[in-house]
Amino acid sequence: NNKYLLNNMTPEDFRGLTPLFYNHINPYGTFKLNMNQRIPIKLKIA
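77 is the number of the first residue of the sequence shown in our numbering; add one for each residue after it.
For the record, the hints were derived by calculation from the structure and aren't laboratory data. Here the structure is a predicted model, which means the values were calculated and not measured. Don't take each hint at face value.
[Stated by the list, open to error] Cβ pair distances, simulated, as ranges: (1) Pro116 / Leu81: 53 to 61 Å; (2) Pro103 / Tyr80: 41 to 49 Å; (3) Arg91 / Leu119: 40 to 48 Å; (4) Arg114 / Pro87: 48 to 56 Å; (5) Phe97 / Ile117: 33 to 41 Å; (6) Pro116 / Asn84: 53 to 61 Å; (7) Lys79 / Phe107: 48 to 56 Å; (8) Thr94 / Lys118: 40 to 48 Å; (9) Ile101 / Lys79: 23 to 31 Å; (10) Lys118 / Glu88: 49 to 57 Å; (11) Ile101 / Asn78: 22 to 30 Å; (12) Asn83 / Pro103: 39 to 47 Å; (13) Tyr104 / Leu81: 29 to 37 Å; (14) Gly92 / Ile115: 35 to 43 Å.
Built from N, CA and C at the ideal position, the CB exists for glycine as well.
Build the full structure now, drawing on both the sequences and the hints.
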């Protein structure tokens, strides 16, 4: 059954499946946020 489906898939079908397999990958790593502290941002007066 799976071979029948794979043989009938077009390149457009495979492009639609690609995000399903690679969407969970984060190329930037993990950012841990501390929601109990504020980020010290200094405002510049113009």
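When the hints from earlier in the document are held up against this structure, which numbers fail? Hints 2, 7, 12 are the ones this structure does not satisfy, whereas the remaining hints hold.
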